[in-house]
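Colleague: So the sequences go chain by chain: A and B.
Take the numbering used here: the last position of the first sequence gets the number 501, and nothing is skipped along the way.
Take the numbering used here: the last position of the second sequence gets the number 844, and nothing is skipped along the way.
Simulated from the structure, these hints should not be mistaken for lab results.
Errors might be hidden in some of the hints.
Said to hold, decoys possible - No more than 16 Å apart at the CA atoms, straight line, and that leaves these computed lysine to aspartate or glutamate pairs for EDC-like: (1) A/80 <-> A/312; (2) A/442 <-> A/482; (3) A/193 <-> B/738; (4) A/283 <-> B/709; (5) A/105 <-> A/132; (6) A/308 <-> B/525; (7) A/445 <-> A/487; (8) A/285 <-> A/191; (9) A/283 <-> B/738; (10) A/445 <-> A/330; (11) A/283 <-> A/191; (12) A/80 <-> B/525; (13) A/264 <-> A/254; (14) A/342 <-> A/326; (15) A/344 <-> A/478; (16) A/193 <-> B/762; (17) A/314 <-> A/303; (18) A/54 <-> B/759; (19) A/426 <-> A/261; (20) A/348 <-> A/262; (21) A/190 <-> A/203.
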Amino acid sequence: MKKALHWSLRHRLAIVAIALISGFAAILATARVSIAEGGIAFPYYPAFLKVEMKAEGEKPMPENWQDPQVCAGCHPRQYKGWSTSMHSISFKDPVFQAEWALAHKATDGKTLNHCGGCHTPIGVATGTVKFDPALGKHGGFTAPPIAEKGVSCDVCHTISGTTAVHTSTGNPGNASFVMSPGRVKRATLKDSKSPFHDTEYSELHTKSAFCSNCHNIFHPDNRFPVEHTFDEWKASPYAQNGIQCQDCHMVPVDTAIRVADEMKPARDLTDHGLGGFAGMGAKTKRDIVHDHGFVGGNTVIAEALGVKGASDNKAEALKRLQNAAELDFEIIPAKGGANLLKVKVTNKRAGHHLPTSLTFIRQIWLEVHITDDQGNELLSSGVAKNNHVPADAVTFINRSVDKDGKPTINPWEIANFDHLNTIPPKGFRYGVYAFHLPANAKGFKVQAKLHYQSYAQGVADKLLGEGKLTVPTVVMKELTRDFSAADLKSAGSKSEKIAAR
Amino acid sequence: MQGIGQSGLLIVAALTAPAGLAEEWLALPDIPPVPADNPQTNAKIELGKQLFFDPRFSSTGTVSCNSCHNLMAGGEDSRTTSMGVHGLAGPRNAPTVWNSAFHSVQFWDGRAGSLEEQAKGPVIAQVEMGMRSLDEAIARVRQIPGYVEQFRNVFGGENAVTVDNAAKAVAAFERTLVTPGSAYDRFAKGDESALNAQQQRGLKRFNELGCTGCHRPPAFSGPWLAGGFFVTFPFHDSPHVTQYKLRDDSGREAVTKDPADRHKYRVPTLRNVALGAPYFHNGAVPTLSEAVQVMAASQLGIKLNEADTADIVAFLGALTGPFPAMSLPRLPATPGVSIVPAN
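Excised from the complex, chain A in its bound form (with noise of 0.2 Å):
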């Protein structure tokens, strides 16, 4: 396991320092090049973070970022909808923080500013970020308090910029993104003033590509995109359409359904209604003020943690869950031989695939069974047995492989999927059933379930051990459509699809 790495890192160091004793200009290119092609040196490699303090030389300190409380006194309501956001517990999940030690010991610590870079970019930033192995099942880490709050309110209004082009990948991920901590905060608007910091317009905080510094990830040493939810986006009509992540994920659910059923941004929308203030005593009523709580599919550990207010973030999620996809069915006809059902998934509602970011740990999955008027059951599938994903289930997932093309789902041993099978944005996938009718049946009922879980059962019990948390499997889509023998029969022998009655 330890050696499915290939770290050079200790190299690339090692010419680095040559470079910088021999001070050889064309050295030093190189070994920059080296480290990172784009021809800059990363101090935190290999988080692709860079941190710009205002004089120069000054180390970043954890004092440099401001706490979310301090924020939360002039803007309660960003405060409020981020305090119950993945976001906000980056660092302290106990999944998140089991998978990372179990990366940790597997790569000789080689991936703590590798996860860290994310998932507490003030921890790597500082060097204050600790491994522990006597915290948890695995081990786990410890931060300084500002550093334990992950992505807080500092951390993304402080980024000045974004290294995306000088990545080893030459694409946005791995914490891409240039943080100047200080009084200067960054946002999207351009004529704010606050009595107690600076502000700044910056307009990557109004893209995706300010998200895409972290929410794509690809493997320090193979570059392979383990996690690739900017890059789905890119490639979706959302994209083309202008949609960023901010209009769906910084706005509530039924506001994000406009916007993938109408294909507009959030500010197009006529009477979207996310008008306010930007901050308590502000003159200026804005035309949008962004939900701060970034919802998305994640509805487990914040309830868990005890994260007050955290049901409702989960609520908003399991709205999110059970309108992103639709359901329909087809039936062709046996030719002699057995009828087929065509389970249609469509991804109607996510500007990314579903599921998105781990799609080989998260599951979704279809539940289906046709019984006849007689009450035979003619097919079941995808039953969970004691809240594990069945064997025979079609599952909407990607299957990770290591370099030797074996199954694994560790993230730092993946270097590529052999079988991709998530749904991209508008688009379908099919789970395809075969059944027989009893010639005595006049007809049957079909029903199907898309479940969703966060991770998979099996994975929640690796972590942090077994019975510690059952992880709840969400209900996406449910349809049930009754059939006729008839209609079977009729379609004759070609295949073609019967309408649903």
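Following the hints, put chain B in place on chain A, whose structure we already have.
Modeller: Same frame as chain A, but now just chain B:
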């Protein structure tokens, strides 16, 4: 008083204050943050108390800390700006010393990072205590045997009488000048009858309007930040700006020389604010109700109606006291001679 080990905990408590979310009103802790290098001891506090009340360390022998930070009243001097030696007046209104220990930085412009640092300032300010140097001031202390003995007891060593030790003693005393147990504090601890209906309305409005954005419970000062929490005042334009000359003072810019700090001030505690008239850095606003309206106009950009103003003033009254029982200290004497030079 217990000092050691409390500091970190209390700082955490201060940071996790309600932050504009009304459901978490906090009561003032009994003990403010105490720095690790200056733990509280009874002997040190007593020494600090004597130094605080002793006018002999001003050039004329007339001005003590207590002259402008009157502990028999609201911890300040009720003047527009303070009067020091020779009747000289400074540019700013004296902030209350009560609960100053809950401020992470001191002075209106936050130029002192601690009470210890602050204590050294007024002694050598020419319009305050008017000493030529801190060395000159500490030389006077050394002439008083009763002080020398106490410094040795408290700090140890032959050369215990130093400027830094004097500042530590004064700061230790000031950390006892806290007023937990106000009507608001009793309310925060669950006694709803501690605030009357008008005060409760005021508290609600105070929060809804955004006052708590800067004046955070429990001290109703800015949040505890190591480098200070500074806010532009006045932020919005209003007729009050010229009426009360609110922008004549450059604020923190004078300290940092950074134009971004123009008109920035530390957010003062509102504990005992009802006893703190006149108001603001220049003491130009005579009444609390006018001060509330000026704040609403200049920081929140709103014109506050009479009813809200009255309710908020009533609420602010619930932040008064109670004041600890206190006796005047007996100052160590120099029998037969005066250490204050002749005029």
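Colleague: Are the hints correct? Go through all of them and say.
Modeller: Hints and how they fare:
| no. | hint | verdict |
| --- | --- | --- |
| 1 | A/80 <-> A/312 | holds, 10 Å |
| 2 | A/442 <-> A/482 | holds, 11 Å |
| 3 | A/193 <-> B/738 | holds, 13 Å |
| 4 | A/283 <-> B/709 | holds, 15 Å |
| 5 | A/105 <-> A/132 | holds, 11 Å |
| 6 | A/308 <-> B/525 | holds, 12 Å |
| 7 | A/445 <-> A/487 | holds, 13 Å |
| 8 | A/285 <-> A/191 | holds, 12 Å |
| 9 | A/283 <-> B/738 | holds, 11 Å |
| 10 | A/445 <-> A/330 | holds, 13 Å |
| 11 | A/283 <-> A/191 | holds, 12 Å |
| 12 | A/80 <-> B/525 | holds, 13 Å |
| 13 | A/264 <-> A/254 | holds, 14 Å |
| 14 | A/342 <-> A/326 | holds, 13 Å |
| 15 | A/344 <-> A/478 | holds, 12 Å |
| 16 | A/193 <-> B/762 | holds, 14 Å |
| 17 | A/314 <-> A/303 | holds, 8 Å |
| 18 | A/54 <-> B/759 | holds, 13 Å |
| 19 | A/426 <-> A/261 | holds, 10 Å |
| 20 | A/348 <-> A/262 | holds, 11 Å |
| 21 | A/190 <-> A/203 | holds, 9 Å |
Comparing the model with each earlier hint shows no violations; every hint is respected.
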